[in-house]
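In the order they appear, the protein sequences are chains A and B. Residue numbering for the first sequence follows my numbering, beginning at 1 and increasing consecutively. Residue numbering for the second sequence follows my numbering, beginning at 1 and increasing consecutively.
No lab work stands behind these hints, which were simulated from the structure alone. Errors might be hidden in some of the hints.
Copies of the same chain are indistinguishable here, so a pair counts whether it falls within one copy or spans any two.
To be verified - With a cut-off of at most 30 Å between alpha-carbon atoms, the simulated DSBU-like pairs for lysine-lysine come out as follows: (1) Lys43 with Lys54; (2) Lys194 with Lys617; (3) Lys57 with Lys537; (4) Lys399 with Lys537; (5) Lys447 with Lys6; (6) Lys617 with Lys268; (7) Lys43 with Lys20; (8) Lys500 with Lys113; (9) Lys57 with Lys451; (10) Lys95 with Lys510; (11) Lys113 with Lys268; (12) Lys399 with Lys183; (13) Lys20 with Lys194; (14) Lys20 with Lys452; (15) Lys268 with Lys20.
Predicted model, so just to flag it, every value in this text is computed and none were measured.
Number of protein chains: 2
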Amino acid sequence: MIVDVKSPVPSDIEIAQAAKLRPIREVAADVGLSEDDIDFFGKYKAKVHLDVLKRMKDRPNAKYIDVTAITPTPLGEGKTTTTCGLSQALHYLGKTVFTCIRQPSQGPTFGIKGGAAGGGYSQIVPMEDFNLHLTGDTHAVGAANNLLAAAIDARILHEDRRSDARLRTILCPNDTFAPWMYKRLEKLGIKAGKPSELSPEDLHRFIRLDIDPYSITLNRVVDVNDRAVRNVVIGLGTSSDGRPRQTGFDITVASEVMAILMMASSLKDLRERVGRMVIGTDKKGNAVTAEDLGAAGAMTVLLKDALMPNLMQTLSGAGAFVHTGPFANIAPGNSSVIADMIGIKLASGGYLVTESGFGADIGMEKFFDIKCRASGLIPNCVVIVATVRALKMHGGGPKVVAGIPLDAAYMTENLELLEKGIANLAANIGFAKKFGIPVVVAVNRFKTDTKKELQMVKDAAKAAGAFGAEVSEHWGRGEEGAVALAEAVIEACEQPSDFKFLYPLDMPIKEKIEIIATQIYGADGVDFAPAAQDKLKLYTNLGFDKLPICMAKTHLSLSHDPAWKGVPKDYSLPVRDIRASAGAGFLYPLCGTMRTMPGLPSRPVFMDIDVDLETGKVVGLS
Amino acid sequence: MIVDVKSPVPSDIEIAQAAKLRPIREVAADVGLSEDDIDFFGKYKAKVHLDVLKRMKDRPNAKYIDVTAITPTPLGEGKTTTTCGLSQALHYLGKTVFTCIRQPSQGPTFGIKGGAAGGGYSQIVPMEDFNLHLTGDTHAVGAANNLLAAAIDARILHEDRRSDARLRTILCPNDTFAPWMYKRLEKLGIKAGKPSELSPEDLHRFIRLDIDPYSITLNRVVDVNDRAVRNVVIGLGTSSDGRPRQTGFDITVASEVMAILMMASSLKDLRERVGRMVIGTDKKGNAVTAEDLGAAGAMTVLLKDALMPNLMQTLSGAGAFVHTGPFANIAPGNSSVIADMIGIKLASGGYLVTESGFGADIGMEKFFDIKCRASGLIPNCVVIVATVRALKMHGGGPKVVAGIPLDAAYMTENLELLEKGIANLAANIGFAKKFGIPVVVAVNRFKTDTKKELQMVKDAAKAAGAFGAEVSEHWGRGEEGAVALAEAVIEACEQPSDFKFLYPLDMPIKEKIEIIATQIYGADGVDFAPAAQDKLKLYTNLGFDKLPICMAKTHLSLSHDPAWKGVPKDYSLPVRDIRASAGAGFLYPLCGTMRTMPGLPSRPVFMDIDVDLETGKVVGLS
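My request is simple: use the sequences and hints to build the entire structure.
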């Protein structure tokens with residue numbers, strides 16, 4: 001550890017600022033990266049060049065571990081903290097280890113939640129950078145998204161004002177097609193050597209995108225919790241200020257561009273995915289893409305550095321990638337494909353610990369069926385984080401609400417509640433086993449948990465088929481607190497595994513959704529609302545039916561209803577609509593209303609954040 | 001030079017990409033900066049720590065040179081290019097030299113204008129980084145601005161829903177005032193040990209900002225040319241989505257936060273300026289600040305890294321700071337105070353070349369009266385960039401419009417037009433001399449300029465009182481092309497100077513504006529519209545009358561009317577309104593309508609920008 005463990009445990013930022021960080025140059029050198037392989041961002045952060053993948057392609061892969069959780073309380077059960085703690089313990093045991101986690105959004109950092117770099121003695125450092133700009137990737141995502149948004153409204157305005165012939169001379173100077181225009185010509189089935197050779201009909205189809213303003217699904221984004229821009233009317237003013245239309249802003253991390261950055265496996269793949277982004281349709285219903293707008297190249301330019309994973313360190317001083325932060329409902333909620341692809345080579349001979357968002361029903365399922373499919377990597381072990389607190393909630397305990405003190409039921413021994421709730425753990429273990437991967441349960445210990453309670457969880461985990469189950473105290477004790485967990489994980493990684501996806505891609509969309517609903521969520525079936533039924537047809541016709549499914553569902557229940565705790569049964573999963581992220585490469589059925597722009601509470605945490613003017617250090621970040 | 005000069009001159013990006021960049025570590029070492037003084041951003045960019053100022057405080061200042069221009073055509077007359085060329089030539093002559101320029105906005109990079117890193121063989125490199133994210137400073141400005149904007153609408157919403165007592169328990173947990181709250185208590189003249197001790201009246205005044213939604217002047221920002229968000233209605237949806245109101249988005253660089261970053265001379269100064277930002281008034285007309293909202297600390301945290309100047313290099317391989325990009329009309333249009341303060345020490349014994357935006361009537365006047373006042377630095381020489389093209393325009397030549405080929409009058413010898421237009425040059429030379437600083441005129445040569453034309457400009461410059469006047473060919477020839485200019489500048493810097501501000505700060509607002517209008521713009525007087533007259537009183541009452549004046553005026557004429565070329569006379573300058581940037585620290589009278597959000601043209605330059613997937617290099621950036 002690069003920090004001394006103290007008791008009582010200081011605040012996260014105090015621990016992080018007390019750590020003696022290793023120069024990132026040395027952290028990089030540990031895993032075979034030279035200074036030519038990285039771009040420094042100060043002394044303690046770096047971006048890793050993608051071409052190391054080529055150089056290291058013959059290295060054997062590290063063992064690949066996904067950290068997930070049972071169905072959490074609204075407080076979260078310590079997944080990132082456990083991810084860091086497990087990594088630190090593997091390092092303590094002398095193993096080569098690398099960690100991959102998501103970058104948080106600045107919105108929650110200043111809103112309700114505060115930071116997300118782990119906690120206590122299990123953290124990624126420097127935690128201020130982690131929770132703030134880091135290396136600017138989220139800003140790059142916002143810039144790319146908003147360039148595309150501006151391009152849409154500008155195009156509508158300019159098409160309104162010009163004839164086909166005038167548009168041709170403006171958009172095709174020197175009677176030449178720009179390189180990206182050939183993709184549109186091909187899509188439209190038009191063959192022409194020069195723009196001037198197009199027939200009037202073909203010119204009209206080619207030069208005019210004819211975007212239907214009511215069809216536009218691309219929102220603008222900001223990386224702030226700003227509820228006031230959820231629903232806006234833009235284009236007011238004069239005729240030169242565009243045409244009025246209603247639209248909205250999402251938080252940057254909810255954008256498809258962020259999901260694309262997470263899914264891309266190379267610069268070429270990134271360029272193609274960006275080009276495929278559908279922003280809406282023309283007035284005949286045909287999809288209009290970023291490529292059609294001529295914006296995909298510039299967007300890729302804005303994103304090219306953001307595609308390189310960000311190297312930081314755990315409190316062990318070992319390497320960690322912090323990369324991409326897509327939502328876990330409308331997007332896969334995992335750190336990037338490219339970070340895992342590189343990390344698994346950097347940790348060759350050892351362990352790559354990665355984290356997936358929300359509980360196993362969502363984050364882990366998407367990790368397997370979407371992320372592993374994109375990366376081609378096969379996991380060796382799943383760690384499911386469980387807490388006595390959450391299991392008591394699933395057993396019928398009082399409501400857990402962020403910002404309100406916990407009920408006494410959670411602070412004193414209550415084996416009855418716990419026993420009733422333990423079915424949720426068993427269900428989650430079962431999900432991982434369906435994919436053929438050994439499971440280790442990490443019981444993230446809180447100080448009020450009793451020995452009997454902890455033992456009950458361990459016993460239940462093994463009874464449900466977990467390969468191992470260990471109590472872990474990494475939050476308060478750091479690496480030493482997670483040694484038993486790490487040893488169980490090491491052993492689990494040596495077990496034979498039989499990895500399989502939950503569904504094949506060439507299955508009809510409807511069946512893919514039904515498999516997830518019945519096999520994972522425990523539903524009897526799926527109710528497709530009329531809008532969703534229309535989309536089943538539309539996306540099949542558009543050829544999007546070979547895409548994987550990214551369920552947009554609450555993480556607070558295995559079902560679609562956040563109030564249903566434990567293991568809900570005897571219900572039908574309602575799918576009210578289905579959307580496509582054609583660029584990122586998945587369909588996302590909506591099981592409820594997904595909020596894509598949080599709001600600020602009455603007392604946002606930004607009110608405590610400031611700079612110490614003597615030291616220049618950040619204070620009040622939690 | 002770190003690149004070989006070729007003829008014909010290749011495109012800017014080809015020259016930039018052909019350059020053999022020196023590692024920024026070496027560039028830093030040349031001026032006495034160790035690796036502990038800088039934070040690397042890759043191999044060719046770094047941020048310089050502010051504490052070098054303390055260490056270098058006893059070093060003598062370098063000679064301080066401001067590069068400005070005559071009243072330009074809409075195409076620009078090559079000020080940045082001349083700044084780079086002059087620096088490169090000083091370096092060629094064996095002098096220690098450092099360059100400070102502004103960072104451009106990404107909006108124009110993808111819109112009409114393209115890049116702004118200089119041009120030809122006089123550039124800052126790497127030019128892709130220069131024109132794109134660089135180190136993320138503009139993104140940080142946007143994040144800070146938009147956090148404040150979200151805080152405003154959230155506060156209005158939450159105040160609407162809560163009683164004074166409830167607001168007190170929420171905003172002052174544990175019956176404690178947050179540190180920043182004491183500034184508000186002091187402002188309100190309230191003394192209280194604890195929140196619970198406030199009288200109902202004092203609590204009401206303290207806890208409720210009571211923001212008047214119609215008074216809010218703070219816009220949200222994006223760094224994209226997006227005309228569709230100039231005028232918007234936000235807060236639509238349900239009651240939990242905020243309250244509807246009309247507002248707008250500016251381009252990020254037009255924000256007061258960007259101006260604050262430019263003006264700040266230390267982290268402490270930055271924190272104070274951010275806190276003083278006025279976002280609007282309460283319903284009684286009292287100013288509401290970022291400090292009142294409790295957002296100033298978090299905003300400073302977002303900006304603290306952005307305050308460090310960005311070190312890059314010229315095509316000489318010598319150091320250059322690229323830092324901050326405030327507008328030149330509603331803001332001072334100069335690179336940062338802090339970059340010049342550090343640069344003048346780094347170039348000790350040599351020369352610091354800095355650039356101010358627009359022509360001498362605006363950028364240079366603000367450089368002297370606003371920037372030099374904030375930094376305490378005294379310039380030694382002003383370089384005025386002139387072109388035969390622009391002077392012909394001032395002599396009555398045909399209209400010059402971006403994107404439309406130049407009239408023949410500009411491509412062939414026309415001494416008559418030139419002679420008529422030369423008064424504009426003489427006027428600009430006169431402005432610099434009013435400040436007591438020697439002037440060198442740089443005639444930025446275009447290939448169609450004839451010897452007679454160039455000689456006429458040189459002669460006229462000297463007749464108007466310029467210390468020197470030289471033809472410069474840095475664009476096509478690099479450092480060697482600007483040797484004569486550099487030699488003249490070296491000599492000018494040895495001349496005695498008698499620097500004085502145009503006006504003292506304690507003069508009434510009205511008189512300060514009148515002095516600028518009559519002494520610089522050549523007006524007979526000023527017409528203050530009723531709104532402006534009201535502001536004269538208001539700002540005097542608010543104590544803002546000691547601030548310097550930042551005129552918001554077109555750069556295309558010495559007057560307020562862009563169509564009036566040459567040296568307009570016999571007119572009165574209309575001031576339609578006056579605004580305050582209380583945080584940045586200036587008043588800006590509006591002489592016309594200032595656009596703070598550009599739009600995208602019919603064929604934006606982003607359509608040519610892409611990534612070469614083989615090399616990973618940017619193509620099409622110009």
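- Item | Hint numbers not upheld by this structure, sorted from lowest to highest | 3, 4, 8, 9, 10, 12, 13, 14
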